[in-house]
Amino acid sequence: MTRTLSLRMRIGLAVMLAMLVVLGGRLFHVQGLDPAGHAHEALSNRLHSIELPPARGDILDAQGRLMASSADRFDIVADPRLVGEYTVYDEQLQMQRPVTADEAAVEIATILDLETEDVLEAMTEEDTHYSVITRSVTPEQQRQIMELEVPGVYAEPVSERTYPSGPVGGSIIGFVGSDGPLEGIESAEDEALTGEPGERVYEIGADGVRIPNATYEEIAAEDGQDIRLTIDQDLQWFAQEAIAEKASQYNAQWANATVLDLKTGEIMAMADSESVDPANPGDSDELFRRPLALTQDFEPGSVGKALTFAMALEEGQMQPDDAFTVPDQLTVDGETIQDARPHDTYEMTAAGIFARSYNTGTVMIGNEVPEATRYDYMRKVGLGETLDVGLGIEAESILRPPEEWDPRQPLTTQFGQGYTTSVLHNVQLYQMLANDGVKQPLRIVDSYIDPDGDEHPVETESERVFSSETSQEMLKLMEGVVDYGSAMDAEIEGYRVGGKTGSAETAGEHGGFDGYTQSFIGVAPLEDPQYLVSVTLHRPQGQWGEWEITDTFTEIMSHTLASYDVAPTGADSEAYDGFVGERQDYPW
Amino acid sequence: MSLATVSDLREEQRQSGESGQKPKPALQVLPKIRRRQRGLAAGVIILLVAALAAVLTVNIHVANTQYQLVQMTNEHQSLVHENEALAEQVQYLQSPQALSNSAVTIGMVMPATAGTFDLETSSVVNSAEEAPSTGAPSTFVGAPQEPGAEAPAAVDVSEHILDAPGGLTGSGALHTLTEGSAGQNGAGGEDQSTSADRGVGLNGGTIPAPRLDED
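Line by line, the protein sequences give chains U and G. The first sequence maps to residues 1 to 588 in the UniProt record's numbering. The second sequence maps to residues 1 to 215 in the UniProt record's numbering.
If we strip away everything but chain U, and leave its shape as in the complex, we get:
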């Protein structure tokens, strides 16, 4: 009996073993080798990863006041397929009561301050399961909406930029569109502000619920850096008010006031006559959405004479008290130039020519310096080069090489015509003239602040362009302009102030000139120059000569000196005499 059983069992055993081998092999094939990628597919089906967005950095002013920040907002969205009548528990009635979609729409519209019809339309839109009722509501409104418990109405969290000071420095801060940053610091420093997104990876079951004790990885997001600007928010506001008032007084196309710490090259305020509110950029004219000091270039006019005087001093071709016989017309190489107003021929000093801003005298001095050297100086101070202060916008300046100059340009370039500059090019020139001849590149970003508080200041390299002596003499020439020259109203009691006026015709769109650009750049206090204020008025209405802009300069400069605790010294002027001899009050 055992034998027969043994035989049957052996056969059975063999069959079972064979089947087991086949099954085992198949199991190994499916699970171990996974040629069709089923296991992998299953895992990737279960694996779910979501991006953890980093918090966008803030933009701060020089004192750390918030100029741009991010806040939690919600988009209120409806799934019209789920919207319908529902019941809520009424505490007064102490029972469930039905609420129709219409009633819900009324309540939502009241909370969101919208039209009931619009809300109802969004809630009952056909052939969609995603209909936006409104965007960017505050958490408080979102909470109220959620408390209504309307089926099919939910809130999606979004992050929104807020600009607590609105249009103060709006064109500098820039703004963010629905697809990302568009202008200003928001755009130029987007990479630093954005940070690195993190990721959360976990496994989910078929019902979408996370499987506990399965894969779970979280890579934390790295928040963006905060950016501290060199802008002083209060001063920026003050300058914006002052320049807007000036632009409105003369109905100018635009106007700009820029304040600079000339020892460091930090731009403390860059105010335009109109400024975009980053929260509603669409409300502003396109011209005012970007900083005018960078986007607009124009002929600087007499402001550019400072360079001619500085190079003549630097080259040893002129001393401030050198005497010149200055007529109101001068013909050089067949080209006649004249002064803005006719005047008698005067025996003047170089300082007097600068103070009265005579073109004829300026050319007499500038012609002492060879043309090639003049051009080299112009390039050296940044004319004809683009200028970027860290806003991602390159300020243009057009200066052709001497070979391409027309017959007048060798003369006109000496008094600020025949080339163009932006406000910041002019500011940079006066910065180096007033800062002991040392150029500090202009900048607007002070430092980057990591989320952990580490600060990374922006460093720039200074460069000596003029000698200390030239700088000292230039300050005295500028003082003459305010003492007895073309900007006598720029005086500030108790302080020594110097500067230079400028007026140039503005090229029209269709050739020729059809307007004026009036400017003044001043520095104070002259015994130790600290601040520079530039005021530019473009295409003011009215007649040439009736535009007064030095009052805006004194307003902003006095405010700056007072705000930054620069005490008045009451020191006496060191300006040179303007005319040769005793008499100094010759008519204009």
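Mixed in with the good hints, there may be bad ones.
[Unchecked claim] Pairwise CB distance ranges, derived in the manner of DEER restraints:
(1) G:105 x U:47: 56 to 64 Å
(2) G:87 x U:457: 20 to 28 Å
(3) G:127 x U:180: 53 to 61 Å
(4) G:118 x U:335: 39 to 47 Å
(5) U:116 x G:146: 22 to 30 Å
(6) G:76 x U:49: 22 to 30 Å
(7) U:113 x G:66: 36 to 44 Å
(8) U:489 x G:87: 41 to 49 Å
(9) G:146 x U:585: 55 to 63 Å
(10) U:379 x G:87: 46 to 54 Å
Quick caveat, the hints were computed from the structure, so don't treat them as lab data. Everything numeric in this text was worked out from a predicted model, so none of it was measured. Beta carbons are placed, not taken as given, at the ideal position from N, Cα and C, and that holds for glycine.
Got chain U sorted already, so can you dock chain G onto it with the hints?
Same frame as chain U, but now just chain G:
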């Protein structure tokens, strides 16, 4: 193995009992528990029950705590949002435009030149000017978007007036802020009686003078 049935055993017992010769066999499935061991067993059972109770308690506690955690997370979230809304409100009030408006409301004007003395030479560097009463700041720059009515109600500083420090920087200043202006800018639309009442304590100024009879 041969098995003896229970009836056989009983029969056997009866027989032996009747004879009285054989001693009663001790039928023992479990060893006899001694008194001390009994205590141990009770202890073990109590321990088990206690452990069970502890596990249950812990479980209940964990479940409750989880509910609490969710609740507190929500609370935290809403507090964060509330804090954010208040911060936004503060930032709005700190904006130069809002500050300028508030200053005008309480009757302030733009400053004029300040007087300066040189202490070393005891000389007047420049003399002070009187600020013109019409020197309100211009309002060319638009106000920022107000955080709005959706933000939590503005904190009413007057509620905290009793806890505030006294003097010019304390309740006096708060009083000025909350009571608004006696200056020309804000006085126009105000109820005459209130401004008259206010005038008594203010002696024509905007900050009430300290009083001796106050507790």
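Checked hints:
A C-beta distance of roughly 60 Å is found between residue 105 of chain G and residue 47 of chain U, which places it inside the suggested range of 56 to 64 Å. A hinted range of 20 to 28 Å holds for the C-beta pair residue 87 of chain G and residue 457 of chain U, which are about 27 Å apart. Distance hint check: the CB atoms of residue 127 of chain G and residue 180 of chain U are about 56 Å apart, consistent with the given range 53 to 61 Å. At roughly 53 Å, the beta-carbon separation of residue 118 of chain G and residue 335 of chain U lies outside the given 39 to 47 Å, and the hint is violated.
Between residue 116 of chain U and residue 146 of chain G the CB atoms are about 25 Å apart, so this pair conforms to the stated range of 22 to 30 Å. Range check, residue 76 of chain G to residue 49 of chain U: about 26 Å between beta-carbon atoms, so the 22 to 30 Å window is met. Taken as a hint, the range 36 to 44 Å holds for the pair residue 113 of chain U and residue 66 of chain G, whose Cβ atoms sit roughly 38 Å apart. Look at residue 489 of chain U against residue 87 of chain G: about 44 Å separates their beta carbons, and that is inside 41 to 49 Å.
As the Cβ distance of residue 146 of chain G to residue 585 of chain U is approximately 56 Å, the hint placing it in 55 to 63 Å holds. With their beta carbons about 49 Å apart, residue 379 of chain U and residue 87 of chain G fall inside the hinted range of 46 to 54 Å.
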